[in-house]
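The lines below spell out each chain.
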Amino acid sequence: MPDGPMEEEQRLRDVLQRLAEPAAPVTERGQLIAETGGQTALTALLREIAETVLPRRLRFDGGMGGVLTCDVAERRIQSFGTGAAEALAEIAIEDAPDVAAALQCFSKAAVALHVQRDIVPHDSAAGALGVSIPDLLHHLAGKDTNTVPKVSAATARAESESHALAILDGATGSDHCVKGQEGIAVHLRALEENWTAGASPDAPTAPMCQIWTGGVSDTFAILLVTLETGRIWVAFEPEHLDTCVACWSRVG
Amino acid sequence: MAVRDRLDDLRSGFPGCSIVAFADLSTGMVFAASTREKTTQEKLDALCAKARSALSGPISARLADQVFQDGDAPSQAVIFDTASMVCFLRSDTAANEALCLVCDHPAPVAAMMARGAEVLATLSAEG
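Chains as they are written, first to last, in this note's numbering: chain L, 7 to 258; chain Z, 0 to 126.
Check each hint, because a few of them may be wrong.
Within a straight-line C-alpha distance of at most 35 angstroms, the following computed DSBU-like cross-link-like pairs (lysine-lysine) qualify [to be verified]:
hint	chain 1	residue 1	chain 2	residue 2
1	Z	49	Z	37
2	L	156	Z	37
3	L	114	L	156
4	L	156	Z	42
5	Z	37	L	114
6	L	114	Z	42
7	L	156	Z	49
No lab work stands behind these hints: they were computed from the structure.
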């Protein structure tokens, strides 16, 4: 499934930021993308796949003789193997649990992670559906969310403007209205003012998000994001529920 | 179809969904649950308490008074962070009955809520 414009924008922003940083050292094993194994290596490996759109053969070297090779296109692993490139096996979505287990096992054993990116010598896996990062995340044991690229609350707030009817940032005191729904912003202000009048629990140590929707006659839902620094209130149409959750669930 | 079968059916329809519980908000009791892995009664009770807080707590009362039309308490709530998500649905016909769904990211929340609402309507109708 193609990503939405917000995901594309965030990915582009991450790539540009990375390009601005000094290039990682390249050795005969490839470019260093993780200095340790375990979760760090797994995150780097998944990020590498997530950033590969054109068909490429990625050869990951985890040190200590561990090598993993996969053909990736459009951010999906189409074929995969833990040895020589000739032994790559074409994969489909039902193979996701096995692929996830293999990636996790490889990352755990790795001491650092290097990658070599080559053009796929022939279109052997063309047409294969393969597995995507979301497919794999379902099966990665522990589902450590470090594998999901995190964003700041400011970024999520900016992304929310495309679907929000109104946003109130209780942390900064600023509020503004999107799409001319000033009447809804008034409700958010009242909620924030009443909140500060009491009934506030202890500030959470990590961002927590809550959404409420009313009955069928209610045309908007309310999102409350509780941060260490304060609260952000967002009103949005219920049809944007998935977009809203996808946007704010990455805030860490 | 038995209540448990309906809950199993709902949960298995969404691969990331690990728990579906049918609860009474007034008593805090879980009537029935379908779980992907073995869980404890304490965890189910805690889930029900969270449902009460989300659908009938102080903030939802404030939303009913100030925001939502007809003064009705919220019918649905979602609580999430970077690691997990819990969805709560209140029955349209029996206001104390609710479904609780625990799931991993990413999940098709809207589709899950819509399917959950259908199942909850059936359970409430069957009494």
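Results of checking the hints against the structure:
no. : hint          : result
1   : Z/49 - Z/37   : 20 angstroms, holds
2   : L/156 - Z/37  : 31 angstroms, holds
3   : L/114 - L/156 : 22 angstroms, holds
4   : L/156 - Z/42  : 28 angstroms, holds
5   : Z/37 - L/114  : 27 angstroms, holds
6   : L/114 - Z/42  : 31 angstroms, holds
7   : L/156 - Z/49  : 26 angstroms, holds
Of the numbered hints given earlier, the model fails none.
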